[in-house]
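Visitor: Got chain W; can you put chain E on it based on the hints?
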Amino acid sequence: MYERISSNVRKSWLLIGAFVVFVVLIGSVFGYMTQFGFWGPAIALVIALLMVWGSYFNSDRIALSASRAKPAEGARYNQLHNIVEGLSIAAGIPKPRVYVIEDTAPNAFATGRNPEHAAVAVTTGLLAKMNRDELEGVMAHELSHIQNRDTLVMTLAVTLVGVIVLLADWMIRAMWWGGMTGGRGRDRGGGPGGLIAIFGIVLLFVAPLVAQLLQFAISRQREFLADADAVNFTRYPDGLISALRKLQEDQTVVRTASRATAHLWIESPIPHQAARGPKGATKQGAWLNRMFETHPPLEMRIEALQKSGLGGAFGPTRPAAEPTRPAAGEPPPPPPSMG
Amino acid sequence: MGAVGWIVLGVIVLLVIIVIVMYNRLVRLRNRIDAAWSQIDVQLKRRYDLIPNLVETVRGYASHERETFEQVTRARQQAVDARGIEDQAQAENFLTQTLRSLFAVAEAYPQLQANQNFLALQEELTGTEGRIAFSRQFYNEQVLAYDNSIEVFPTNVLAGAFGFKERAYFEAETASREPVKVDFSNPPPEAGGAGAAGPPAGPPAS
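Heads up: the sequence lines are chains W and E, in that order.
Residue numbers are given in this note's numbering: position 323 of the first sequence equals residue 323, and the series is strictly consecutive.
Just so we're on the same page, this note's numbering is the position in the second sequence counted from 1, plus 1000.
Excised from the complex, chain W in its bound form:
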């Protein structure tokens, strides 16, 4: 269990490190190819920060009002409050505010810029469908997100995506208006300047996509970490495993979720596309769609939990239920445009 947690933390750092290296690379290419030099990336960083961090500071209010969450008051939520309070004692964080969302789809999310300003929200569908152990597993997962400061981590990732998108955008414009010193190699022949220019052009078209893929990879890694940490709190993987199984079998989707807040929920609120695709889908197509998912497939999460070394009683994974709805879904989401 401890090994799983530290390996997940290591992978997170690796991904973030790779992301930073990538940003620096793009920044240097940008600096080389335009006359803005160092100032380009610096200004891009400031703009991206301003755009993203306002929403980070108010992340709890934004997420809660976007999903129309209401404070969980009244005797019927006593069990929920008791569970959340017990788990925050185990986690050593202050008890977050607890909210309820009127929706039959079972789901839950956690938000807030740090543990002192955190909130968790649960749908009425989840409360109806889960028993106490399963609910405890789900809330433990949410509290792990808060303890691990995942809003901060994902905000960092989104900021870096913003920087890259801005830089790529500017480079395209700069090229268009002919402001490049790397040159198209007209006057310099096919020298190294031209080669770097070509490399740079390819890079700037590919960069936003790579940045997004990195962001989604980080999101998936944090989900695994939250699952592992949840077991660290409850010492009872069966609770969360059982809850994930129930989520697997339930096909309803939360109404008020959007792509922007998708990574906050315990299960992706966006209907999956070719992750469990039609039999005719090419392996490549399926893989690419999976790379854009904010959450790892539930099968993989359940498997990881069963290997956590605390003796899950559910045994080897059952084969997943056949999807009952046609798998022809929407096309993959387009990369977000910023500025």
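Bear in mind the hints are in silico, worked out from the structure with no lab data behind them.
Any given hint could turn out to be false.
Some chain W residues flagged as far from chain E (calculated, every beta-carbon gap over 10 Å) [unchecked claim]:
(1) R10
(2) L45
(3) I47
(4) E85
(5) R97
(6) Q248
(7) V253
One-sided and incomplete, this derived list gives chain E residues near chain W with beta-carbon spacing under 7 Å [claimed, not checked]:
(8) A1114
(9) Q1122
(10) E1123
(11) R1131
By construction, the Cβ of each residue, glycine as well, lies at the ideal position given by its N, Cα and C atoms.
Guide: Then chain E, alone, in the frame of chain W:
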């Protein structure tokens, strides 16, 4: 002072800073253990506070089950009066057993099962049991972090020099691993009586 002198001075300053940082970290970890210990007590007290209400609610429907109520009340009083870790652990176990009897009795009364107050109390007790368990778990995690820190190299050198000692985990007493037989025929010695009482149990030192 030549260049070598400056370098030596720099190294000394660096070492002092390192020592300070390591020492402070150990102090913080140790304080967390004490805080976690008090937290356990807070949850235990909550449990004691819930019980009289629970007994009264059940008594309202099953007034002739006097023996069960008396057992619970006495077990609770014992737990409140317990001093010393072993006494407290044993008293806690008695109390848990009597509560189980109480709930077993309550199952025979369907009107009680429908009583909102009773259900709320039952949920509160379940929540409290959870909180007690979690606070003990949290306490053990702090002890683990602390013990790790004072045993790994190089901090163990510092720990030895400044007298940081290992702390013991909160362990289920061997006695409590066997099912406890609730027996009130021989009242246990008065724990809260003259002479035997002392300050509330502090966290185990080693």
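Visitor: Does each hint hold? Answer for all of them.
Guide: Status of the hints after comparison with the structure:
| no. | hint | verdict |
| --- | --- | --- |
| 1 | R10 | 18 Å, holds |
| 2 | L45 | 31 Å, holds |
| 3 | I47 | 37 Å, holds |
| 4 | E85 | 7 Å, violated |
| 5 | R97 | 18 Å, holds |
| 6 | Q248 | 26 Å, holds |
| 7 | V253 | 31 Å, holds |
| 8 | A1114 | 15 Å, violated |
| 9 | Q1122 | 10 Å, violated |
| 10 | E1123 | 5 Å, holds |
| 11 | R1131 | 5 Å, holds |
When each numbered hint is compared with the structure, violations occur for hints 4, 8 and 9.
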